[in-house]
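Given the structure of chain W, go ahead and fit chain G onto it with the hints provided.
For reference, the chains in residue letters:
2 protein chains.
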Amino acid sequence: MQSIEKLDEIWQDKAIESIINFVKSADGDFDCIAELLNAVSDSDSLQKIVEFLSSTPQGKQAFQKRPLLGNIDLQKLHRLPINSLGYSFANHLLTNNLQPLQAKSVENDYDFFAAHIAETHDIWHIVTGCNTNVLGEIQLEAFYVNQLYASRFWLALIAKNLLKAVIYDIELSTTYMDAIAKGWTMAKQAKPLFGIEWNLLWETPLEDVRNSLNIILPNG
Amino acid sequence: MQSIEKLDEIWQDKAIESIINFVKSADGDFDCIAELLNAVSDSDSLQKIVEFLSSTPQGKQAFQKRPLLGNIDLQKLHRLPINSLGYSFANHLLTNNLQPLQAKSVENDYDFFAAHIAETHDIWHIVTGCNTNVLGEIQLEAFYVNQLYASRFWLALIAKNLLKAVIYDIELSTTYMDAIAKGWTMAKQAKPLFGIEWNLLWETPLEDVRNSLNIILPNG
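These protein sequence lines are chains W and G, in that order. Sequential numbering of the first sequence, starting at 1126, is according to the numbering used here. Sequential numbering of the second sequence, starting at 1126, is according to the numbering used here.
When chains are identical, the list treats them as one kind, so a pair holds in a single copy or across two.
No more than 16 Å apart at the CA atoms, straight line, and that leaves these computed lysine to aspartate or glutamate pairs for EDC-like:
no.	residue 1	residue 2
1	K1190	E1322
2	K1149	E1130
3	K1173	D1294
4	K1289	E1142
5	K1185	D1234
Keep in mind the hints are simulated off the structure, nothing from the lab.
Chain W extracted, bound-state conformation (with noise of 0.2 Å):
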């Protein structure tokens, strides 16, 4: 039997390395992505972010519920108005030739926390008003690590980027940097999007959802 220390450095190895591979892969690599998750994704973090999370009356509901997206119909959701959630999101999918994703069974919190973020990241693109770019992805990052609170996985993406950048590209510095803040500050400024259930607000104008939530788009 290893010794708890032991387990630690072993754990620890294997979460450096998984961000070392990252970082001498490409940006938006699906098997870095994953094996960073798996490396990351410890108990201990992830009781520390449900407890957070549930802190909040919404969040708290959420975890009672579990409340899911289900089956999604892209097309019905393009010919809602245009100023609506349900067809910005359906557009973002459709354009960008993405599915959505289909949640897997859900048997306990960590399990709702992982399926429920991923189903919805690509609203909270819509609503934070981030790209999808390099840039975009970051300033993203920068949300999840202010709103998850306890966050190894996205935290540990935007030290992969920043390590692209010094070993790469240092000159890009200054727009990681800068998509940071913005994504920083407007996540300490909103009000939280875990937990909401966004297949109730699809027919609401986007810009309504943005003002319920605080969220501050800022400017360039």
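For chain G alone, kept in the frame of chain W given last:
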């Protein structure tokens, strides 16, 4: 003879290794700082920094005149009025049991850049109001990344600190990210600090120095 690609790869691996070593060491470990500085001080990025800093009259003049602080009489500065830059600087060094750095001989732009940044580091701490604890250092690292434009060293320090939070204590993420956003925002608003002849300003009230540089201290 090795190909340029092979040399690049060796350089990249050395830089990554020095950052990972630092992640596994104590905050502020001097050997790690020296190893990192050595690993990421390539002439390409230094040249970009020099070009960027030379784009202002203050920076251009600094590279021409190469002004250094020279010998500093801490006791004399400590007798200046309590609100002066000189008193604050002397008091900071005396309280933290630090000695002013002695600049090495300066023979080219890169030497001057390195010597000037090193010997004015504590002055930047004073003027930006950044503490010398980890959070203050992170805030100042973000300030440097902004003001030096292409600094692998200071961006690597930020990445290193975020990695430490990912691996060892994810609950630090909020204060670390706050420090980054504060330092970054402050640096964007501020005038360039590089190239200032600080020893002409010892008697100036610190508040006047900050106002003239448009340094706005963040709340809290």
